[in-house]
Amino acid sequence: MIPPPTPEPEKMEILRNLAVTHGASGASIIDAGDIPVDPRVRFKCMIPKCYMSGRCGRCPPYGYSTEKTIRILNNYEQAIFFHVRVESAIIAAKSLSNSITSGQADEAGNLFSLGGHCMLVYSLVRMIRKKAMKIGFCRTEGFSASNCKDILCFKKKTCRELNGSGECRNPEMSVPSMESAGIDAFRLAAKIGWEIFPIGAQCEPESVKRGMLMGLVLVG
Amino acid sequence: MESKPFVIPETIHPIRAEIDPACLGADIKTLCTSALGWGAAGTAVIGPEDLVFDDKRLRTMATKTDLDSMSTCWPLAYPIDEIKKALFAYDKGIFLYIDVNIDLPDDGDNPEHNKNHLAAYRKIHEIISAVESAAFYMGHYLAMGFAAGNCRSVFCMEEGQCSAATVAKGCTAPYKSRPSMSAAGIDPLKTAWKLHLPQPDPDRPFLSGLVMVA
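Residue numbers (my numbering), protein chains in the order written: chain W, 1 to 220; chain R, 1001 to 1214.
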C-alpha cells in the first residue's frame, strides 16, 4: 500500500490556529500513528451501559468497530487534536448526571451549558474539515465528544438512522465520538501533557480542577 | 451494602499516560480491602490468563449478528466487538464473591420476586459497581465490572422486556446494571477453582463478580 502523503506543516498550522481562534482551549498537531485505539474503550460505552448505548446510530453497539477505526487511521498521516475546557462547576455539577440521563434541564442550566460546549466541539470539527478541503487536502475524517443524538437531535425522540428512514438527520455535522470508535482520548490527552481528570456522576465540582471535551480531525 | 458505601476521594488526580505496574498493584490491593469492607466474603487478584472461558458460549455469541434480538439476557451479543479480546487487554483484576446462605434457583430471564434472592443479586451488583467506581476515580478509567445473574430480573422487574434489546431504546438502569461473568463467556466456578479460592462448592450457590483494571 502507498503510504499517505505527509501534510505540509504550514497547512497543518492553519488548521491548528483555526481551532484555537474559534473556541478551542488548546490544539495540537499529532501523528495519526500515535492515536491509541483500544477495544476496551468501546466496551466502556456498554459495560456498564451508558444511557445512550443502543439509542444513537453512532454509539456502541452500533458505529465504528475498533478494526474499522484502525483501517481509517491507517489512511492518514496527521491530525488536529483539540480540547474545549469545561468548568468543573458545570461538568461535575451534582445534578448533571440525572439531567443527562433523563433529558430534563436542571435549574442551574448545566445541561444546556454542557450541551453548548459539546456543540462547539462538533462545530470545530466541521469547521476544520471544511477549511482543510479548502486549502488543498483531499480527504478528512472527524471525531467529536459525546453522542450526537443529544447534541444534534435533542428534541427528537429517536435517532432516525436507527428508527426511521435509516438516514441521519444531520449528515454534515454528525460524526462519531472518539470513544464510540475505540479511540482512547484520555490516554492521548495525557500523552500530550494535557491535564485530564476522570469525572463521573459522583464527582463534585471541588474534586476536580476542570473538565475537557476533545475533538479530532484527520486530514490527508 | 453491609458496610459504608463507596465515597469518592476528596482530590481526584489527573489521568496518567502510562500506569506504573507497582502503582497498579498497590491500587488493586486497596480495592480488594475496600471490597471486603463493602461486603465481599473473599477476594483474589486475577490476571486475564486466569479467566476460564466457556468457548461454546463465546461461539454462540460470535455467531449472533441480529441486532434486534440482542438482549434477551445479558450481555447483548456484541456483534462487532469481541469481549475476550477486550478482557485480555487488561493487566489485572479483582475476582470477588459473597456469602450466600440460601438456595438460588435459576429463574432464567424471569423477574426475581423472592426478596432474599433479589437482595443477594443486588448485593453483588452494588459491590462490583463500588469497586469499579473506586478504580475509575483512582485513574483506572477503563475499569470494567461483571456481576452475577440476569440484570433484568434485578433492575427491571416490572418491565415486560429488556428495553436495551429494543432498537433505538436504551437501558432503563444505565450505569447500574452489569453483565454477569457467565454472559461474557467466563465460567465463574472454574475460574474460582483456578484461583484456589476456598469457597466454591458445586452444590451451593456461588455469586461472584469481577472487576478488570488497567
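Keep in mind that the hints are not guaranteed to be accurate.
Think about it this way: if two alpha-carbon atoms lie no more than 20 Å apart in a straight line, the pair counts; the simulated EDC-like pairs of lysine to aspartate or glutamate are [as the list claims (entries may be wrong)]:
id : chain 1 : residue 1 : chain 2 : residue 2
1  : W       : Lys-68    : R       : Glu-1082
2  : W       : Lys-209   : R       : Asp-1050
3  : W       : Lys-44    : R       : Glu-1010
4  : W       : Lys-134   : W       : Glu-8
5  : R       : Lys-1194  : R       : Asp-1050
6  : W       : Lys-94    : R       : Glu-1010
7  : R       : Lys-1092  : W       : Glu-8
For each label pair, taking beta carbons as the anchor points, the in silico distance ranges come out as [stated by the list, open to error]:
id : chain 1 : residue 1 : chain 2 : residue 2 : range
8  : R       : Lys-1176  : W       : Glu-107   : 22 to 28 Å
9  : R       : Ala-1022  : W       : Glu-204   : 27 to 33 Å
10 : W       : Phe-154   : R       : Ala-1022  : 16 to 22 Å
11 : W       : Glu-167   : R       : His-1196  : 54 to 60 Å
12 : W       : Lys-11    : R       : Phe-1053  : 45 to 51 Å
13 : W       : Gly-116   : R       : His-1196  : 53 to 59 Å
14 : W       : Ala-105   : R       : Leu-1036  : 39 to 45 Å
15 : R       : Ala-1089  : W       : Glu-10    : 35 to 41 Å
16 : R       : Lys-1056  : W       : Gly-33    : 34 to 40 Å
17 : W       : Phe-154   : R       : Phe-1088  : 22 to 28 Å
18 : R       : Asp-1103  : W       : Ile-70    : 44 to 50 Å
19 : W       : Thr-6     : R       : Ala-1022  : 38 to 44 Å
20 : R       : Leu-1036  : W       : Gly-200   : 52 to 58 Å
21 : R       : Pro-1009  : W       : Glu-8     : 43 to 49 Å
These are computed hints drawn from the structure, not numbers from a lab. Here the structure is a predicted model, which means the values were calculated and not measured. Note that CB positions come from ideal geometry on N, CA and C, so glycine has one too.
So which hints don't hold here, by number, going up? 2, 3, 7, 10, 17, 20
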